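Peer 1: Under this note's numbering, the first residue of the sequence shown carries the number 1, and numbering increases by one thereafter.
Derived by calculation from the structure, the hints in this document are not laboratory data. Hints should not be assumed to be uniformly reliable.
Distance condition first, Cα-Cα at most 20 angstroms in a straight line; then the derived EDC-like pairs of lysine to aspartate or glutamate [claimed, not checked]: (1) Lys63 x Glu43; (2) Lys38 x Asp80; (3) Lys38 x Glu60; (4) Lys69 x Asp80; (5) Lys127 x Glu34; (6) Lys32 x Glu43; (7) Lys63 x Asp33; (8) Lys127 x Glu72; (9) Lys127 x Glu43; (10) Lys38 x Glu72; (11) Lys127 x Asp33; (12) Lys127 x Asp67.
The following label-pair restraints were derived from C-beta to C-beta distances [to be verified]: (13) Gly62 x Lys132: 33 to 41 angstroms; (14) Gln120 x Ser141: 19 to 27 angstroms; (15) Gly54 x Glu143: 32 to 40 angstroms; (16) Lys142 x Glu44: 39 to 47 angstroms; (17) His136 x Ala110: 17 to 25 angstroms; (18) Asn36 x Asn146: 39 to 47 angstroms; (19) Asn146 x Glu43: 27 to 35 angstroms; (20) Gly39 x Ile61: 14 to 22 angstroms; (21) Asp140 x Arg53: 34 to 42 angstroms; (22) Phe83 x Asn108: 39 to 47 angstroms; (23) Asn58 x Val104: 34 to 42 angstroms.
Please read these numbers as outputs of a predicted model, since none were measured by experiment. Built from N, CA and C at the ideal position, the CB exists for glycine as well.
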Amino acid sequence: MMPILSKCVKIAHDVKYLYKFMNSSDYGSRLKDERNRKGLTQEELAQALGTSRGTVANCEIGKSFLDMKLLERADQAGVDILFIVTGRRMHSNLNWRLLQAINVGINNWASEHNMVVSTQNHFLLQKLLYEKFSQHESFDSKEIDNYLRSAA
């Protein structure tokens, strides 16, 4: 396969994978499952995250997603955020350096293309990229930037 065609096939596969999660309500149900596992009410989780009960409720019904700040607070409160984001239980600590590099990469990519990325799409890109790059023992933030640029 020619290199450019190979790259197009890879991008198409990733977009299809991303679209699958865009239509998924699993995120909200996983958040609710994890909240229940911890024995917390929506109000108690909201207090731990420094947000409102309504925000937690909206996340649980799939209307919105926890942003990076709230995910960090959830992690500090002992919530298995890897499970919430990917559906896989956490076996080790989340790679915050990778997650931060992904978020910076998404924001830079959107800025370069004069795009506004919705919270839902940001979350989905974050999930896709985290799953892709967390399989490597090390990563270079330039790899993330290059991957996003190749999709544009």
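Peer 1: Decide, hint by hint, whether the structure agrees.
Peer 2: Checked hints:
no., hint, in the structure
1, Lys63 x Glu43, "holds, 18 angstroms"
2, Lys38 x Asp80, "holds, 9 angstroms"
3, Lys38 x Glu60, "holds, 15 angstroms"
4, Lys69 x Asp80, "holds, 15 angstroms"
5, Lys127 x Glu34, "holds, 18 angstroms"
6, Lys32 x Glu43, "holds, 12 angstroms"
7, Lys63 x Asp33, "holds, 17 angstroms"
8, Lys127 x Glu72, "holds, 15 angstroms"
9, Lys127 x Glu43, "violated, 26 angstroms"
10, Lys38 x Glu72, "holds, 16 angstroms"
11, Lys127 x Asp33, "holds, 19 angstroms"
12, Lys127 x Asp67, "holds, 12 angstroms"
13, Gly62 x Lys132: 33 to 41 angstroms, "violated, 23 angstroms"
14, Gln120 x Ser141: 19 to 27 angstroms, "holds, 24 angstroms"
15, Gly54 x Glu143: 32 to 40 angstroms, "holds, 38 angstroms"
16, Lys142 x Glu44: 39 to 47 angstroms, "holds, 41 angstroms"
17, His136 x Ala110: 17 to 25 angstroms, "holds, 24 angstroms"
18, Asn36 x Asn146: 39 to 47 angstroms, "holds, 40 angstroms"
19, Asn146 x Glu43: 27 to 35 angstroms, "violated, 43 angstroms"
20, Gly39 x Ile61: 14 to 22 angstroms, "holds, 21 angstroms"
21, Asp140 x Arg53: 34 to 42 angstroms, "holds, 40 angstroms"
22, Phe83 x Asn108: 39 to 47 angstroms, "violated, 28 angstroms"
23, Asn58 x Val104: 34 to 42 angstroms, "violated, 26 angstroms"
Of the numbered hints listed earlier, those contradicted by the structure are 9, 13, 19, 22 and 23.
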